[in-house]
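K.L.:
All chains, please: the whole structure from these sequences, using the hints.
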Amino acid sequence: MRGTPRHAGITLGQSSHRTSPIHTGALLMTVRVRFAPSPTGHLHIGGARTALYNWLYARQHHGTFILRIEDTDRERSTEEYTHSILDGMRWLGLDWDEGPIYQTDRAQIYHTHLNQLLREENAYRCFCTPERLEQLRTEALAAGRKPTYDRRCRDLTPDAHDTRPCCIRFKAPLTGQTVVQDMVRGTVTFDNKELDDLILARSDGTPTYNFVVVVDDVTMQITHVIRGDDHLNNTPRQMLLYAAFNYPTPLFAHLPMILGSDRKRLSKRHGATSVIAYQQTGYLPQALLNYLARLGWSHGDQEIFTLEEMVRAFSFDHVGRAGAIFNPEKLDWVNMAHMKSFSDEELAARVEPFLAEMGLVPHDRDYAARAIASERERAKTLRELAEISAFYFRPSVVWDAPAVAKWLDADGQRILQAMTPMLHSVETWNADALKETFSALQARENVKFLQVAQPLRVALTGTTTSPGIYDVLTIMGKTTVLHRIEQALVHAKKAHGYSGPVS
RNA sequence: GCUCCCAUCGUCUAGCGGUUAGGACGUAGCCCUCUCAAGGCUAAAACACGGGUUCGAUUCCCGUUGGGAGCGCCA
1 MRGTPRHAGI TLGQSSHRTS PIHTGALLMT VRVRFAPSPT GHLHIGGART ALYNWLYARQ
61 HHGTFILRIE DTDRERSTEE YTHSILDGMR WLGLDWDEGP IYQTDRAQIY HTHLNQLLRE
121 ENAYRCFCTP ERLEQLRTEA LAAGRKPTYD RRCRDLTPDA HDTRPCCIRF KAPLTGQTVV
181 QDMVRGTVTF DNKELDDLIL ARSDGTPTYN FVVVVDDVTM QITHVIRGDD HLNNTPRQML
241 LYAAFNYPTP LFAHLPMILG SDRKRLSKRH GATSVIAYQQ TGYLPQALLN YLARLGWSHG
301 DQEIFTLEEM VRAFSFDHVG RAGAIFNPEK LDWVNMAHMK SFSDEELAAR VEPFLAEMGL
361 VPHDRDYAAR AIASERERAK TLRELAEISA FYFRPSVVWD APAVAKWLDA DGQRILQAMT
421 PMLHSVETWN ADALKETFSA LQARENVKFL QVAQPLRVAL TGTTTSPGIY DVLTIMGKTT
481 VLHRIEQALV HAKKAHGYSG PVS
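The first sequence: position 147 = 147 (this note's numbering), numbered continuously.
Since the hints were derived computationally from the structure, they do not count as laboratory data. Beta carbons are placed, not taken as given, at the ideal position from N, Cα and C, and that holds for glycine. There could be a bad hint or two in this list.
To be verified - No farther apart than 25 Å at their CA atoms in a straight line, the calculated lysine-lysine pairs in the BS3-like style are these: (1) Lys406 to Lys435; (2) Lys406 to Lys448; (3) Lys330 to Lys380.
Claimed, not checked - Pairwise CB distance ranges, derived in the manner of DEER restraints: (4) Ala272 to Ala337: 16 to 22 Å; (5) Gly99 to Glu309: 25 to 31 Å; (6) Thr78 to Ala272: 16 to 22 Å.
P.N.:
What follows is the structure, given as structure tokens:
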């Protein structure tokens, strides 16, 4: 038996503090929360945050996190999306304790509940055609009224033999108020006269969303419904259903929406919105989670959290009420911060799949770790890290034409020619020895270090940007360095022609 | 249109009657420097507006404006 004596429905004048609802039953009930996506698309950013808040709350209270797939829309739900959502959840590390539970497996449960409502005259058959409803809606809108059903069938004398197609509607109370106690919004009051006799089952007998959520949440003994803001207007209708069943209402927490840069609800046209897209671009799951957690929730001035820290610190007291714009630049920064927490070896291991996509397979773990280490603070994502480190692993250099034009001109070639024998004779290949070599070279050629470093950099990496030149030199090793300089000279002659400098 | 929600720098936010309104991302400048980053320092940048309540409002109340969501035999 659950501890909350809270009942939905025609509650009047309840007062509460948004900080304390859980305490009423904390000793008696264990937290049971759920994430209930519908498989009509990939797991998206908004869904991921809802899932995260549920998960954090469950873990913090040593409760149960349930994954439920809302697949009652047979038209749009696909198995592919179901798998994609499950994969997304696993990648994020949001493990669930029960489920996935599929609503399509629960038809019998809904049927039983529907019959109960019918039997107790809390629901009725409605014979109105979709056409009539559509007409009602247009008329209402034109007249400046809220489009609601006119309840024509509500008081029809039941005729069991009537075989016309009909849907089942809820007989909602006409008066009174329904008060939602929300952990982030506080008290929200709705006049029941604003609410509708909502459809519980379609004429083909399948149940609808507002009905199944209630039945599911009740039968799964959900204690806290944590979901998007877009459901706040559904909540009073659902509470009326709880009341009709004489079930206690769970506690609610309605999270503000995640917005695009135009302040509209985040959608495809704002760029990548699916979680897998972020996986593919090389974001760390813990970084995405960290960013999402802080989008709408805060803990003083702290920006970077480990998962454990989030579990410990999370609280609805500090969940904001306003919609939040998704900011990709800040995500990048958070991702960089999390990349710093890995050792060179761990980071290299995570970059490997992205190198593999480019057909590059490092054969030496130690070499890979040192190569990645030299580039790690230059990349925002794992993919970017793989891309800028690729030159270490390629059999030959990929030339950046402007870089070649600028630095492998006649002067650059002369420097490379001059350094070749000097590098050959370097015995111990380390930064100190190389520094001495270049000092000697600078003195002999009377050039600045820049004029040595840049041609060399282009020769070794193909581009003008790279880690410190001594890092590249020592990581690559003498053999590769000399080989690449030789190749660079060949390429430079081709690019610039044999007749000396171009301009 | 109706109902509900929301409102602090460009963005995410701290603030829970008295603060030089704090932090972070981004931006600009400087330092570091072989390139690019990273890092360090500095700067510009906000309480939407109007009424109350109060000795005193960013903070509490009301309204205006502005934004968002919902109003399906979708979820």
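K.L.:
Flag every earlier hint the structure violates by its number, smallest first.
P.N.:
Of the numbered hints given earlier, the structure breaks none, since each of them holds.
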